[in-house]
Amino acid sequence: MSEKFHIELKDLKQDTAEMVQFSRDMLSESVHALILQDPVMAKQVSSKKKHIKDITLTLEDRTYSLIALYQPMAKDMRVITCILKMITAAERIGRYGKDIANMVKHIQDQPEFTQPVPLQHMAEQVLKMIDDVIIAFETEHLEVIKDFSSRDDAIDSLWHSLFREMLTFMMENPKTITRGTYSIMVARYLERSGDHACKMAENVHYMVTGERIEIK
Amino acid sequence: MTPEPIISTRDLNLWYSDTHALQSISMKISKNHVTALIGPSGCGKSTLLRCFNRLNDLIDCVKISGEILLDNENIQSAGTDVVLLRKKVGMVFQKPNPFPKSVYENVAYGPRVHGVKDKAELDKIVEQSLRHAAIWDEVKDRLNDSALGLSGGQQQRLCIARTLAVEPEVILMDEPCSALDPIATAKIEKLIDILKRDYTVIIVTHNMQQAARVSDYTGFMYLGKLIEFGQTKQIFENPQEDLTENYITGRFG
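Top to bottom, those sequences are chains A and B.
Counting the first sequence from 1 gives a position; our numbering is that position plus 1386.
Counting the second sequence from 1 gives a position; our numbering is that position plus 8.
Derived from the structure by calculation, the hints contain no laboratory data.
Hints are supplied without guarantee of correctness; some may be wrong.
[Unchecked claim] Below 27 Å or equal to it, Euclidean Cα-Cα: the simulated BS3-like pairs (lysine-lysine) are:
hint: 1; chain 1: A; residue 1: Lys1471; chain 2: B; residue 2: Lys241
hint: 2; chain 1: B; residue 1: Lys204; chain 2: B; residue 2: Lys96
hint: 3; chain 1: A; residue 1: Lys1436; chain 2: A; residue 2: Lys1602
hint: 4; chain 1: B; residue 1: Lys148; chain 2: B; residue 2: Lys39
hint: 5; chain 1: B; residue 1: Lys109; chain 2: A; residue 2: Lys1396
hint: 6; chain 1: A; residue 1: Lys1561; chain 2: A; residue 2: Lys1396
hint: 7; chain 1: A; residue 1: Lys1390; chain 2: B; residue 2: Lys241
hint: 8; chain 1: A; residue 1: Lys1399; chain 2: B; residue 2: Lys241
hint: 9; chain 1: B; residue 1: Lys195; chain 2: B; residue 2: Lys148
hint: 10; chain 1: A; residue 1: Lys1532; chain 2: A; residue 2: Lys1491
hint: 11; chain 1: A; residue 1: Lys1390; chain 2: A; residue 2: Lys1434
hint: 12; chain 1: B; residue 1: Lys95; chain 2: B; residue 2: Lys109
hint: 13; chain 1: A; residue 1: Lys1491; chain 2: A; residue 2: Lys1429
hint: 14; chain 1: B; residue 1: Lys148; chain 2: B; residue 2: Lys241
hint: 15; chain 1: B; residue 1: Lys241; chain 2: A; residue 2: Lys1585
Bear in mind the structure is a predicted one, so any value in this text is a computation, not a measurement.
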């Protein structure tokens, strides 16, 4: 395999890490915009939708080219497959960020409503998991992702708790139904983003060790 | 369950004069499977392959120690009938090497040497062998034409048919596709997949994608040593040795 391939693969890996970071920031900013009720920030996040799509296509094209030209094997093959999976998961996370940002304008005119506490906590947990996946992907140190199963469980618990809390709110005060429903959707997107972080962690684990694991 | 081995080596060493070309090779070749030997040039893979039918005997300065068991008999022992051994362990070389004879005579040559005289039986062996080598349809109307008039890919399949005609148990292939175009290569690879139903195939190849495609087991050799041996999927997906990893990802070699 040529040196050119390994340089290109290294660059591709670096750019993939940056893409995951970009998606993570979209999610983070969207939650901020929601909590602060900031339509300007929300609009900025929404406007990144095209960019994330473009990077996804570009990275995928580069990956396909490397596969077609070099038919990588062993660790190189695992890096390539991990990159492809990471791109898909990261794009999804970025799109969740865009979806959350789009909600800000829909709830602006709704009656005042304090965002449920678990939402912000969920966001912090999910974002930290994505941060750790990026670290594991870049450094190939798996320490930071070894407790993902329990962290994902914690996020699932927050999601269920928030869901029940929102139902109670909405039953007590039907005026909160619109905001409450959106909050449930946001929580659901965050919970799904946590799942994507777990999937990415599984792929990073495979990339580094060659062994498949399932984070439940 | 580990498949039944047909060939086993135990602490096999080979020297070309002072050069220690094979160093303590111990491996088991599974019956009715394809085993690929890979490694950089000069690592000893072709030398190892040639040990399996004692072709190295033809080189004066070669000294061998250790055991090579074929069907639990040590082929290195003085009493081994080398002609019979080479009937059991056939070989296909890098460059197609048909005899300058007709297609028919190329295939009939081996059985004749081993005593088949009856024309009807020879006809049957020739047709069966050519069919097995997936070349019958292409040559059935030109059996009496010179084999040298065939294309490179056809010549190589004819050489495989010639090997099959003496009913071997094992077929050794030393880079059988390196002189062939991609279409002829694909035909040989497909053929290897079919051949393993009835034969054991050991293939030396520099083409790692080919090794990954055709083989069930792969051995990686380096500087005369068998560095890693295992299931092909494991070797190419998750090799355990750094040297194997570095070789198959092209970091050296």
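Quiz item: Okay, which hints does this one fail, numbers in order?
Solution: Result: hints 3, 4, 5, 6, 10, 11, 14 break, sorted rising.
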